[in-house]
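A.B. asks: One letter stands for each residue in the lines below.
Protein chains: 4
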Amino acid sequence: MEYKKINEIPVKVHGRTIKDACPLPIFWSRSGIEVNVRANELWVDIEVGCDYQEPWFVTEINGAFMSRQMILKGRHKICLYRNLNPAELRNVKFYKDSQIVAGEEALYVTIHGLETDGTFEPVEDKKLKIEFVGDSITSGEGTYGSFKETDWRTMFHSSSRQYASFIERALDVESRVISHGGWGVYTGWDNDIRSNIPSIYEYVCGIAAGEENARLGAKEQNDFKAWQPDAIIVNLGTNDNSGFDQPAFDVPGVGPCKLRRNEDRSFLDEDIEKIKSAVTGFLKMLRKNNPKAHIVWAYGMLGSEMNLPICDGINRYVKETNDNNVAFLNLPDTTDETVGSFGHPGMVSQKVAADVLTVYLSKRFNMKINGYNGNI
Amino acid sequence: MEYKKINEIPVKVHGRTIKDACPLPIFWSRSGIEVNVRANELWVDIEVGCDYQEPWFVTEINGAFMSRQMILKGRHKICLYRNLNPAELRNVKFYKDSQIVAGEEALYVTIHGLETDGTFEPVEDKKLKIEFVGDSITSGEGTYGSFKETDWRTMFHSSSRQYASFIERALDVESRVISHGGWGVYTGWDNDIRSNIPSIYEYVCGIAAGEENARLGAKEQNDFKAWQPDAIIVNLGTNDNSGFDQPAFDVPGVGPCKLRRNEDRSFLDEDIEKIKSAVTGFLKMLRKNNPKAHIVWAYGMLGSEMNLPICDGINRYVKETNDNNVAFLNLPDTTDETVGSFGHPGMVSQKVAADVLTVYLSKRFNMKINGYNGNI
Amino acid sequence: MEYKKINEIPVKVHGRTIKDACPLPIFWSRSGIEVNVRANELWVDIEVGCDYQEPWFVTEINGAFMSRQMILKGRHKICLYRNLNPAELRNVKFYKDSQIVAGEEALYVTIHGLETDGTFEPVEDKKLKIEFVGDSITSGEGTYGSFKETDWRTMFHSSSRQYASFIERALDVESRVISHGGWGVYTGWDNDIRSNIPSIYEYVCGIAAGEENARLGAKEQNDFKAWQPDAIIVNLGTNDNSGFDQPAFDVPGVGPCKLRRNEDRSFLDEDIEKIKSAVTGFLKMLRKNNPKAHIVWAYGMLGSEMNLPICDGINRYVKETNDNNVAFLNLPDTTDETVGSFGHPGMVSQKVAADVLTVYLSKRFNMKINGYNGNI
Amino acid sequence: MEYKKINEIPVKVHGRTIKDACPLPIFWSRSGIEVNVRANELWVDIEVGCDYQEPWFVTEINGAFMSRQMILKGRHKICLYRNLNPAELRNVKFYKDSQIVAGEEALYVTIHGLETDGTFEPVEDKKLKIEFVGDSITSGEGTYGSFKETDWRTMFHSSSRQYASFIERALDVESRVISHGGWGVYTGWDNDIRSNIPSIYEYVCGIAAGEENARLGAKEQNDFKAWQPDAIIVNLGTNDNSGFDQPAFDVPGVGPCKLRRNEDRSFLDEDIEKIKSAVTGFLKMLRKNNPKAHIVWAYGMLGSEMNLPICDGINRYVKETNDNNVAFLNLPDTTDETVGSFGHPGMVSQKVAADVLTVYLSKRFNMKINGYNGNI
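Protein chains in written order, with the numbering used here: chain A, 1 to 376; chain B, 1 to 376; chain C, 1 to 376; chain D, 1 to 376.
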């Protein structure tokens with residue numbers, strides 16, 4: 001058995017992080033490492049800081065789900081597999097299933113290295129890269145757990161049963177996720193206008209709290225040149241919509257914030273305008289950093305009331321910039337049969353949404369759709 | 001056996017036509033008659049004029065599909081059923097499965113009466129009325145026939161396997177269809193700008209050709225007060241989109257018409273503007289005639305390239321009128337597994353689209369969704 | 001337009017009938033004619049005798065369902081299609097959807113000829129022939145109509161939505177159906193022991209009543225050499241099972257017949273023995289007439305209580321004959337979600353059963369399974 | 001936080017083991033513990049002995065899958081959840097996902113206790129108890145992992161994606177699993193006749209190897225009175241079938257063993273007789289120990305060639321014993337779309353089989369079938 005530092009291995013790093021860092025910080029949902037290895041066994045050396053919401057990790061072997069577990073605070077040597085035929089080349093992916101938790105200052109994750117009795121081989125790049133930007137839906141909240149659950153906890157969140165995961169398999173692509181539950185394009189679900197994704201989009205993981213994450217590089221500007229997506233899927237608007245039905249939030253230094261409805265329940269012009277502008281502005285930010293990506297605003301898994309305002313924001317963007325490489329797509333609404341825990345889309349709803357996006361992307365990029373076999 | 005004229009029977013008339021007319025003209029797809037009857041047998045007395053494209057009719061009993069047949073030119077007494085238990089109250093629906101055919105001057109259909117050995121009872125109104133306005137998709141083109149078929153013929157068109165049909169069953173509602181293959185909101189698929197639905201929307205069946213249809217009342221103003229829908233589903237835009245990829249059409253008295261793309265394949269501003277205006281204008285027309293209907297522009301079963309322009313047209317309408325009782329909804333795209341004949345959505349694609357609309361409408365109008373049993 | 005007698009056309013005849021007869025008698029469900037034709041239009045000249053239960057016919061074009069209609073008493077020229085591109089070779093199938101009705105003396109069907117403006121080309125044989133022998137399930141009772149229907153009428157029976165139909169498409173094979181509702185391998189559902197399929201199996205259509213059917217050849221010995229199936233699917237036992245729960249039937253010349261249960265509801269040995277012997281005997285009859293066919297007793301769509309007695313009958317057959325080219329296969333039971341009219345398997349249940357048989361046959365005969373496209 | 005020994009807690013023990021033992025031995029797949037708890041967090045104190053094939057465990061909360069992980073050799077305190085609302089009563093199940101491994105002498109698992117900051121409440125018994133007896137299919141081999149995997153390892157085996165698991169949820173019942181890959185009712189897949197389930201059925205876990213398991217009670221007679229199933233599902237025969245196609249196995253003290261085929265590939269009478277007798281004999285053993293259980297031999301997920309011999313064995317049992325409380329049921333065969341890893345039924349195939357059994361059991365025991373929601 002030989003231990004190697006993570007930066008000594010031909011590892012494919014998933015998710016935004018600091019290039020060549022050792023230990024390697026893992027911030028976002030679906031972030032982690034992927035290796036090709038010929039070995040009898042493989043272990044990962046991982047370090048977790050945590051106060052309240054433990055990170056959950058998933059192991060996939062040859063593209064199939066193997067394990068999902070909570071990683072407790074501390075440094076651990078975790079076995080990814082043991083006693084498989086060492087002559088076979090095996091693809092192993094180990095990634096954070098749960099999302100980053102805003103405000104959890106103690107929470108951080110780093111991967112120090114891998115230990116194996118075998119040898120590593122390079123992981124080939126996929127033909128297409130997709131970035132998924134979103135909220136709780138994109139963080140897979142509700143994809144694990146009984147429909148009875150009401151606690152907002154990492155154990156019920158996932159990227160392994162979320163739509164990006166299904167699209168990855170169907171189209172054989174690489175994905176990144178930038179998302180946080182409750183956040184919007186303009187405001188959070190509770191009218192806290194600080195909870196907006198654009199404000200943190202340009203940093204490695206601007207949402208990560210605490211000194212350790214800062215030290216690890218979370219607050220640095222993201223190096224967009226290092227990873228340019230072919231497509232960006234933006235699934236935002238659900239929490240902005242929620243703001244119209246929630247009480248005001250007293251934002252420090254700003255005062256009470258509240259999105260308002262007219263008496264007929266339509267949106268107050270002045271308030272919906274804020275969201276439209278935020279949509280337009282976010283598209284500009286996305287384009288600045290991702291010059292060639294096809295941007296799809298894909299929305300609707302928890303109601304579609306924001307369709308028209310979002311499209312207005314997109315149309316303004318197109319008009320102002322003459323950039324037509326953007327699109328809008330509705331994702332099917334969640335139903336009683338497809339809902340998961342705490343009223344969020346379950347695995348089935350995520351699969352239905354993934355199918356719609358898969359068809360769209362396969363046509364746009366002229367790609368074959370893989371069938372699923374009997375396991376996922 | 002007793003023969004009764006159609007206006008002597010407590011018949012529920014489906015589709016736009018002339019109130020109390022006898023014989024009763026049948027114009028649109030999904031138009032026809034519905035009766036409740038206690039009888040051993042039931043016959044319909046129908047007259048068809050036709051030169052080339054025969055009308056096809058479907059019989060449903062107690063909500064289940066029974067028969068689909070071509071009706072040839074001439075007057076026929078057609079048996080809807082025989083030798084069923086006369087003690088049972090039975091709901092029988094006999095409707096035109098195929099769409100009206102623009103330009104087919106000889107084509108008309110009238111129902112003269114019914115013959116039975118039993119008694120009729122009134123048909124109760126459904127709780128919700130929905131109007132479906134569209135093109136070939138709403139005319140169910142492609143829902144019958146092998147994927148090999150390429151002839152544009154009524155036999156491959158239907159309303160029995162089209163999304164309105166599935167929604168009717170799922171939500172127990174009443175529907176009307178106003179649709180024609182190849183037509184758009186601004187222009188037809190071939191850039192013939194006369195093929196636009198708004199130009200004929202306000203007439204009973206403005207699309208019907210020939211003297212006989214005129215005599216039967218097709219060109220009369222529609223009596224909107226007599227049937228006010230709770231919801232209108234507009235599925236237009238697919239043919240407008242097509243215009244950008246088709247050669248110019250020389251419209252008599254107008255000259256060559258053609259929607260154009262820029263070099264990067266985006267739409268020429270001047271041309272897409274025509275469609276946006278048409279969307280806005282059509283919404284105004286719909287609202288004028290249907291003051292309380294919830295209007296949903298539901299689009300996307302054959303590509304979604306028009307999402308943003310359509311939404312721009314809708315947003316302008318909202319801005320100009322302050323009417324927020326409109327919405328936009330994407331329907332899932334047709335795939336290799338769901339396509340029917342001549343490249344159009346097959347029955348499965350129509351069912352998938354119906355499911356999305358059913359969920360939307362059930363939430364909007366707080367209605368229960370019926371399961372399907374083993375037959376359709 | 002040219003009229004040709006049916007025996008002057010290179011027609012493929014489906015179902016047991018009299019070779020080269022003109023007019024051609026049509027007896028069993030799924031029986032009829034198939035032609036390849038290049039023509040603008042095609043008409044069939046059909047004659048029906050009928051007192052109470054009209055025969056229903058289905059037209060398929062290029063393998064896709066087009067029309068289903070009742071054919072009334074009399075001689076009719078029925079249009080199968082009109083105005084399709086005459087340059088295309090088109091496969092047209094016109095077959096009896098409804099089963100033969102035992103006891104309906106007036107009922108007969110013959111096809112006299114076809115009329116067309118085009119030319120016929122031969123229909124190639126399929127690679128595999130399958131005979132389906134059964135009862136109401138194989139007669140597709142319940143596959144049309146609302147679950148509310150309780151009348152036993154041809155309009156609710158079909159071969160177009162029955163499992164043989166789905167298997168034909170999935171495996172591209174040719175099928176024949178020998179079946180009648182209520183009949184068993186030993187006794188009918190009501191303990192009328194005359195209603196057993198073996199008693200009529202060796203005749204062209206031994207179940208057909210009346211002088212006209214006799215004159216047409218129904219009572220003749222079937223010419224087994226002319227059509228040897230590669231597989232025979234026997235779906236019998238459901239009505240034999242029913243006999244244990246029905247009152248005695250007074251069979252003329254025999255006296256009261258009744259299958260009995262013990263107090264613990266198990267079958268009385270003496271009575272279940274009759275069914276086991278009938279299974280063994282029927283297998284011998286099938287083998288005598290079909291020396292090379294793989295025989296599968298496929299049962300269970302309305303309960304599986306007869307599994308063990310049927311297998312006992314089969315095992316005895318194997319022991320007595322040393323013929324191992326027989327098998328038993330359970331078909332999935334019908335559920336609340338898959339039931340059709342009058343408590344019988346609906347279209348969905350038939351599709352589920354077809355899938356099980358399709359997988360079995362595809363492995364046995366090493367055949368590819370075709371996917372369905374968006375229409376059926 | 002308070003630590004309690006496992007025998008001090010109102011724990012529901014799943015799977016055959018030693019009553020009130022502390023530590024509690026965990027032998028079979030799907031064996032483990034279930035508690036109802038009101039607590040902020042819950043930990044389990046587990047001990048594992050292991051040389052080569054680590055045991056895998058699954059945690060379910062409120063009936064939903066949460067975690068799946070390998071447990072390494074040694075004694076571990078594993079967190080089942082943290083920081084969930086302590087006011088809520090929560091059902092937590094922690095069970096061995098992987099099967100017992102015959103021949104792995106070092107392998108044993110015991111649970112010592114639980115630690116929590118909350119309180120336990122009793123777990124109510126389910127209305128129905130079902131015992132599943134089988135081979136690799138019942139051990140869920142192939143239900144995890146890519147179809148590429150060929151290693152026989154616990155990581156690819158499961159009870160969480162196996163049919164018993166789906167039936168438990170659908171019918172809200174309690175289940176036990178007695179199964180081992182490669183074993184049969186008469187012989188193992190490789191003609192090793194020692195690998196037969198009847199030989200170990202009457203012991204707590206007769207298949208467990210090594211001194212530690214013996215010390216823990218594995219070789220003791222099972223206390224059948226303590227847990228009487230309402231139904232027993234026997235899924236055996238697949239490996240007996242395999243013996244006909246495998247070379248002879250030299251069984252120590254017995255000599256070469258081999259099941260043989262005739263030239264026409266049918267089974268040699270003398271050899272198939274051994275399996276039939278084994279079926280009959282095993283049914284007698286099952287009945288002796290489970291006087292009231294409804295016994296269903298449910299077979300066919302990897303071919304159905306043994307249907308008739310199995311039924312012969314069952315019919316002999318019925319004849320000899322006059323016990324009719326037994327049945328045979330075919331489970332649908334695995335297809336290219338439903339296969340999992342190393343050619344075994346994948347999760348989808350297991351779900352399809354579970355559906356057939358669920359319908360059967362729901363009718364037999366008059367139970368409602370629960371729908372699945374969007375998660376599993």
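Simulated from the structure, these hints should not be mistaken for laboratory data.
Yeah, the Cβ is synthetic: ideal placement off N, Cα and C, and Gly gets one too.
Check the hints yourself; a few may be wrong.
Stated by the list, open to error - Have a look at the derived ranges for each label pair, beta carbon to beta carbon:
#1 B:N83 - C:N370: 47 to 57 angstroms
#2 C:N370 - A:S277: 47 to 57 angstroms
#3 C:T119 - B:P256: 54 to 64 angstroms
#4 D:N324 - B:P10: 31 to 41 angstroms
#5 D:R260 - C:I9: 53 to 63 angstroms
#6 A:D20 - C:D172: 51 to 61 angstroms
What the hints assert, rightly or not - Calculated pairs, PhoX-like style, for lysine-lysine (alpha carbon to alpha carbon, straight line, at most 25 angstroms):
#7 B:K126 - A:K319
#8 D:K5 - D:K19
#9 D:K12 - D:K126
#10 D:K127 - D:K319
#11 B:K319 - A:K258
#12 A:K368 - D:K148
#13 A:K12 - A:K284
#14 B:K12 - C:K19
#15 D:K126 - A:K73
#16 A:K319 - B:K319
#17 C:K274 - B:K148
#18 D:K73 - A:K126
#19 C:K77 - B:K77
#20 A:K284 - A:K319
#21 D:K219 - D:K127
#22 D:K258 - D:K19
#23 B:K12 - B:K219
#24 A:K368 - C:K368
#25 A:K73 - D:K73
#26 D:K219 - C:K274
#27 C:K127 - B:K73
#28 C:K368 - B:K148
#29 D:K73 - D:K258
#30 D:K73 - A:K77
#31 C:K4 - C:K73
#32 D:K258 - C:K319
#33 C:K363 - D:K77
#34 D:K77 - A:K77
#35 C:K284 - B:K148
#36 B:K148 - A:K319
#37 B:K19 - B:K148
#38 C:K129 - C:K274
#39 A:K148 - B:K368
#40 B:K126 - C:K274
A.B. asks: All hints, please: hold or fail.
C.D. replies: Hints, one by one, checked against the model:
1. Against the hinted window of 47 to 57 angstroms, the Cβ-Cβ separation of N83 of chain B and N370 of chain C comes to about 38 angstroms, which falls outside the hint.
2. Between N370 of chain C and S277 of chain A, the C-beta spacing of about 53 angstroms keeps the proposed range 47 to 57 angstroms intact.
3. Roughly 42 angstroms separates the CB atoms of T119 of chain C and P256 of chain B, a value that falls outside the hinted 54 to 64 angstroms.
4. The hinted window of 31 to 41 angstroms between N324 of chain D and P10 of chain B is violated, with their beta carbons roughly 57 angstroms apart.
5. Checked against the given bound of 53 to 63 angstroms, the beta carbons of R260 of chain D and I9 of chain C, roughly 54 angstroms apart, stay inside it.
6. For the hinted restraint 51 to 61 angstroms between D20 of chain A and D172 of chain C, the CB-CB distance of approximately 58 angstroms keeps it satisfied.
7. Pair hint K126 of chain B plus K319 of chain A does not hold up; C-alpha atoms about 45 angstroms apart against a cutoff of 25 angstroms.
8. Between K5 of chain D and K19 of chain D, the direct Cα distance comes to roughly 14 angstroms. Compliance with the 25 angstroms bound is thereby established for this hinted pair.
9. For a cut-off of 25 angstroms, the pair hint linking K12 of chain D to K126 of chain D stands: about 11 angstroms separates their Cα positions.
10. A distance of roughly 31 angstroms separates the Cα atoms of K127 of chain D and K319 of chain D; the hinted pair therefore is violated under the 25 angstroms criterion.
11. Restraint check: the Cα-Cα separation between K319 of chain B and K258 of chain A comes to about 22 angstroms, which is no more than 25 angstroms; the hinted pair holds.
12. Between K368 of chain A and K148 of chain D the CA atoms are separated by roughly 20 angstroms; this keeps the pair inside 25 angstroms, and the hint holds.
13. For the proposed pair K12 of chain A and K284 of chain A, the alpha carbon gap of about 30 angstroms is over 25 angstroms, so the pair is violated.
14. With a C-alpha separation of about 50 angstroms, the suggested pairing of K12 of chain B with K19 of chain C is violated against the 25 angstroms cut-off.
15. Our distance criterion of 25 angstroms between C-alpha atoms is broken by K126 of chain D and K73 of chain A, whose separation comes to about 37 angstroms.
16. Between K319 of chain A and K319 of chain B the alpha-carbon distance is near 17 angstroms, which keeps this suggested pair within the 25 angstroms criterion.
17. The hinted pair formed by K274 of chain C and K148 of chain B fails the criterion: a straight-line CA distance of about 51 angstroms is larger than 25 angstroms.
18. For the given pair, K73 of chain D sits about 37 angstroms from K126 of chain A by alpha-carbon distance, which is inconsistent with the 25 angstroms threshold.
19. Among the hinted pairs, K77 of chain C with K77 of chain B is consistent with the structure: their alpha-carbon atoms are about 15 angstroms apart, no more than 25 angstroms.
20. A C-alpha spacing of about 12 angstroms is found between K284 of chain A and K319 of chain A, which places the hinted pair at or below 25 angstroms, so the restraint holds.
21. With a C-alpha separation of about 30 angstroms, the suggested pair K219 of chain D and K127 of chain D falls outside the 25 angstroms cut-off, and the hint is violated.
22. A threshold of 25 angstroms between alpha carbons decides the hint, and for K258 of chain D with K19 of chain D the separation of about 40 angstroms lies outside it, so the pair is violated.
23. With a C-alpha separation of about 22 angstroms, the suggested pair K12 of chain B and K219 of chain B falls inside the 25 angstroms cut-off, and the hint holds.
24. Taking the CA atoms of K368 of chain A and K368 of chain C, the gap is about 21 angstroms. The hint holds against a cut of 25 angstroms.
25. Restraint check for K73 of chain A and K73 of chain D: satisfied, since their Cα atoms lie roughly 21 angstroms apart, inside the 25 angstroms limit.
26. Between K219 of chain D and K274 of chain C, the direct Cα distance comes to roughly 47 angstroms. Violation of the 25 angstroms bound is thereby established for this hinted pair.
27. Among the hinted pairs, K127 of chain C with K73 of chain B is inconsistent with the structure: their alpha-carbon atoms are about 41 angstroms apart, more than 25 angstroms.
28. About 20 angstroms separates the Cα atoms of K368 of chain C and K148 of chain B, which keeps this hinted pair within 25 angstroms; it holds.
29. Of the pairs offered as hints, the one joining K73 of chain D and K258 of chain D is violated, with about 38 angstroms between alpha carbons and a cut-off of 25 angstroms exceeded.
30. A C-alpha spacing of about 14 angstroms is found between K73 of chain D and K77 of chain A, which places the hinted pair at or below 25 angstroms, so the restraint holds.
31. Taken as a hint, the K4 of chain C and K73 of chain C pair is honoured in the structure, with Cα atoms around 22 angstroms apart against an allowance of 25 angstroms.
32. Distance restraint check for K258 of chain D and K319 of chain C: the Cα-Cα separation of roughly 22 angstroms lies within the 25 angstroms cut-off, and the hinted pair is therefore satisfied.
33. Of the pairs offered as hints, the one joining K363 of chain C and K77 of chain D is violated, with about 50 angstroms between alpha carbons and a cut-off of 25 angstroms exceeded.
34. Between the alpha carbons of K77 of chain D and K77 of chain A the distance comes to roughly 15 angstroms, so the proposed pair stays at or under 25 angstroms and holds.
35. For the suggested pair K284 of chain C and K148 of chain B, the alpha carbons sit about 44 angstroms apart, so the restraint of at most 25 angstroms is broken.
36. In summary, the hint linking K148 of chain B to K319 of chain A is not supported, as the alpha carbons are separated by about 42 angstroms, beyond the 25 angstroms threshold.
37. About 41 angstroms separates the Cα atoms of K19 of chain B and K148 of chain B, which puts this hinted pair outside 25 angstroms; it is violated.
38. Only pairs whose Cα atoms come within 25 angstroms are accepted, and K129 of chain C paired with K274 of chain C is rejected, the gap being roughly 31 angstroms.
39. Taking the CA atoms of K148 of chain A and K368 of chain B, the gap is about 22 angstroms. The hint holds against a cut of 25 angstroms.
40. Taken as a hint, the K126 of chain B and K274 of chain C pair is broken in the structure, with Cα atoms around 54 angstroms apart against an allowance of 25 angstroms.
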